[in-house]
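With the hints as constraints, model all of the structure from the sequences given.
For the protein sequence lines, the chains are A and B, in the order given.
Quick note: the first sequence uses the numbering used here, first residue 15, plus one each step.
Quick note: the second sequence uses the numbering used here, first residue 127, plus one each step.
Possibly wrong hints are sitting among the right ones.
[Stated by the list, open to error] Subject to a maximum C-alpha distance of 30 angstroms in a straight line, what follows is the list of computed DSSO-like cross-link-like pairs (lysine-lysine):
1) B/K398 with B/K468
2) B/K175 with B/K515
3) B/K398 with A/K155
4) B/K510 with B/K468
5) A/K155 with B/K468
Read the hints as simulated data drawn from the structure, not as lab findings.
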Amino acid sequence: MAPASTSVVAQPWLRRCASQPLFWPLLTLVLLLLGNGVFNPGFLALHWRDGHLYGNLVDIGNRASPLILVSLGMTLVIAVRGLDISVGAVLALAATVAAWTLSQVQAGNAGSSLWPLALGIVAALVVAALCGLWNGLLVVKIGMQPIVATLILMVAGRGVAQLISSGQIITIYYAPYSFLGNGFLLGLPFPLYVVAAVFLGLHLLLRRSALGLFVGAIGHNPVAAKVAGVRAGAIILATYVFCGFSAGVAGVLVSANVNSADANNAGQLFELDAILAVSLGGTLLNGGRFSLAGSLIGAVILQTMTSTIYAVGWPPQLNLVVKAVLVFLVMLLQSAEFRGQVRAWLSRTGKQA
Amino acid sequence: MNPVALHATGIGKRFAATVALDDVELCLRAGEIHALMGQNGAGKSTLIKLLTGVITPDSGQVLLEGQRIAPATPVQAQALGISTVYQEVNLCPNLSVAENIFAGRYPRRFGFIDWRAVRRGARDLLATVGLDIDVNRPLATYSVAIQQMVAIARAIGVSARVLILDEPTSSLDEGEVQELFNVMRRLREQGLAIVFVTHFLDQVYAVSDRITVLRNGRRVGEYLASELPQPALVAAMVGREVALAEGRDSQHRPAADAPVVLSAHGLGKRGKLHATDMQVRQGEVLGLAGLLGSGRTELARLLFGLDRAGEGRLEIQGEAIELHHPADAVAQGVALCPEERKTEGIIAELSVRENVVLALQTRMGWRRALSRAQQDELASKLVKALGVKTASIETLAGQLSGGNQQKVVLARWLATEPRLLILDEPTRGIDIAAKQDIMGEVVRLAGQGMAVLFISAEIEELLRLCDRIAVLRERRKVGELPGGCSERDVLELIAGEVA
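Now the structure itself:
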């Protein structure tokens, strides 16, 4: 037998694994983590200290939380052939609204009372969901191209946020809010619970209802879906609302983490990272096939790359370039066409040898 | 006898475990129209792809005027003189007619494109297919029939030895088909070898000189068209005498006082359909006849809420209904198998199961999801009942043949147990056996009391199935005929000639 045909690629069980949609994103993540573990033995270590779990892995999950949330919303929008490039601005707007609300009710003097907390969160999330509704209406009712429709809020969202904050960074002096971004629950950082709740809720919603089927049908063939009686408009609208909402939750976490809201810089370039995470996770950018778990892994991959670059100690100027190269490699690995070419090349050289 | 233009012998091709072609021979003579016949999956497309260099054969040889050729790409095949015009015109709709004809091989002068030569050349080539149109206008501004002629002009401009026409008539109306046949005859006289692939048996006999029949990847035989009667051709294609679906006889006909399922009063839409009255009763098959563009599909779209009616009223079981969205029609128990199966019917990337449950699920609403077990049961039951040939209900619908895809769309609607089933050209472009299955199913459903609106361009089908036939002409209903009428009656109404 030729060497190529006895290589690992030919093993049936491995081939079956490799055809699973989550295989390549997972493999990438595991390789990244293992690579870190090899070059930096302490990287994968976890410590239990003062009732909290510490370590790079926990850190990565914690830091990735806002991006995971935004990526989940983006996944659904992309699945129905849309795109939302306003998520970064909506994140900043939600953070600013929360911080402004807390400052207006003088939450700092409220002591341990929790009603300012509820007020701040609700205000931020309602504004974020309304932003999503606006985007959705432009796309569904007016028929604008998604990228153009959401470009409006991408620009205007930060503008409104700056108007609210008068161009200043609003600092938050309120411990319950700070807990959202910095607190620990049962030894784990609180944001992880937020991510888990949103992910599980969304997963169950899509699984237990017919929405998953409808989203797939709309994404693959909107005309046929309509003829089958799927009310695509309402569902597309809902995905934009959820995308805005998830950016709002991310905004709350981000502002709670740093105890302030920076209308200018919070969530900068988040839209691009989210699109990247979604595509790393195996969701088709032209709609139809989507994977929530894939997007979650994609977001964690991006955060792991960032952490890796810091851990290795490369100069920060290199960050973006290294990230770009890694992303390029991952995308190549995920391309079935590229893998086919590599396989053809391997079997050719195998035969010659 | 004319000299042999192209001779393919011993052609074999496998795709993984499936044998697509096995020892197939095809002999084309210069100056003949050669029909390539076979059911879906017989190997016609594979054979054409081999001749045009889209794929390469595993065995066998192809001789072009005695020279052995092995085109590896469509471009090489074209350079050798073999061109194809596909079913879907694959030109660029936004470029001008002239640009389309010369795209990729523009005549140049001093290194720049010589636009005057492009326009002149385009006009000359179009003249050979008998077309005199403005070559500067974008292709999309012309009808499909003219676009097809342009595609043919491009093909013979590139090369002029073998021209393959793959289902060229499926989106043309009767007059346009005759135009195309005239062009084919003219090209035949110029010595071209023309391969003609079609599902329409009548058309084969109208223009073809010889017929090669394929079945299950093998060649059944090569015949002179004049010596092969139509039933024998069908028998060669299917390998058995097809049991024609039973027609509807007088016993089957619904009672005259059967409840009216749907009635339209003056239903119309500006620019699409003039005000139309129509009634369908329980257990009745109402046929809708008319040429392409006569308003058949437009009427179906109005009845299903795909377009909003501009005037008139619609009643379903005696209740006035306004349809804003297909979902409204689905809620009223109306179903539509659309004319464009690939773009509006099947969702190719979803499984057979998902395709089947989709309409029922929209009717039940998103909150009440069918469990996986219910979905499996429903899909298996319908796949079996309709005889859908699929490896499993988890197979992607796009991998099925055209006829089986059409059955899946039908299954999707039967799952909703509709009161009125609208079938828009359900038998177009599918193989004979599937056609009979679907017509048999219509008879059965009507027997159970379902009202069926059956739209078809094939009058013979309408006559066999329908209790009444409504005829549309120029976006207007021009009359209704009883089921027992003759083909001539229908034709006269369609054409609008006073007998």
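Against the structure, the hints come out as follows:
Of the supplied pair hints, the one linking B/K398 and B/K468 holds, its CA atoms being roughly 23 angstroms apart against a limit of 30 angstroms. Between B/K175 and B/K515, the direct Cα distance comes to roughly 24 angstroms. Compliance with the 30 angstroms bound is thereby established for this hinted pair. Restraint check: the Cα-Cα separation between B/K398 and A/K155 comes to about 24 angstroms, which is no more than 30 angstroms; the hinted pair holds. With a CA separation close to 22 angstroms, the supplied pair B/K510 and B/K468 stays within the 30 angstroms bound.
Distance restraint check for A/K155 and B/K468: the Cα-Cα separation of roughly 26 angstroms lies within the 30 angstroms cut-off, and the hinted pair is therefore satisfied.
In summary, this structure violates none of the numbered hints.
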